[in-house]
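Student: Sequence:
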Amino acid sequence: MRPTGRNNSHCQRRLGATTADTFPAVGHTYLVGFTADVGQGRFRVLLDFHSETSRTYTGAKADGTPVGESETVCITVEPIRDLLFLVTWKE
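Note that our numbering gives residue 18 to position 18 of the sequence shown, counting from 1, and the numbers run on in steps of one.
Honestly, I wouldn't trust all of these hints.
To be verified - Between beta-carbon pairs, the in silico distance windows are: (1) 82 - 40: 20 to 26 Å; (2) 27 - 80: 19 to 25 Å; (3) 62 - 82: 30 to 36 Å; (4) 84 - 40: 29 to 35 Å; (5) 88 - 63: 24 to 30 Å; (6) 63 - 22: 27 to 33 Å; (7) 42 - 82: 29 to 35 Å; (8) 87 - 41: 19 to 25 Å.
Since the hints were derived computationally from the structure, they do not count as laboratory data.
For glycine and all other residues, C-beta sits at the position ideal for the given N, C-alpha and C.
Input sequences plus hints: build the corresponding full structure.
Tutor: As structure tokens, this is what we get:
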């Protein structure tokens, strides 16, 4: 079962995890395009970062107009170097 909505109080930061700078994506929404490695599969999503532990994604048209359902997931943010972060999640 995947979490939905913005209230992800069960999403927790990893113990001992710190970020040198505040994760800059929090409070921002990004239009991201994905392309399949094989074939011609392409899709776009809006990534809305609520906190360092929660992100919502929604399918999007090329112009950024949302389409379809949204899904909110717990994320883990790990700093790699100044202003570069690894963001992971489970689907």
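Student: Confirm or reject each hint.
Tutor: Hints versus structure:
no., hint, result
1, 82 - 40: 20 to 26 Å, "violated, 37 Å"
2, 27 - 80: 19 to 25 Å, "holds, 21 Å"
3, 62 - 82: 30 to 36 Å, "holds, 32 Å"
4, 84 - 40: 29 to 35 Å, "holds, 30 Å"
5, 88 - 63: 24 to 30 Å, "holds, 29 Å"
6, 63 - 22: 27 to 33 Å, "holds, 30 Å"
7, 42 - 82: 29 to 35 Å, "holds, 32 Å"
8, 87 - 41: 19 to 25 Å, "holds, 22 Å"
Checked against the numbered hints listed earlier, the structure breaks hint 1 alone; every other hint is satisfied.
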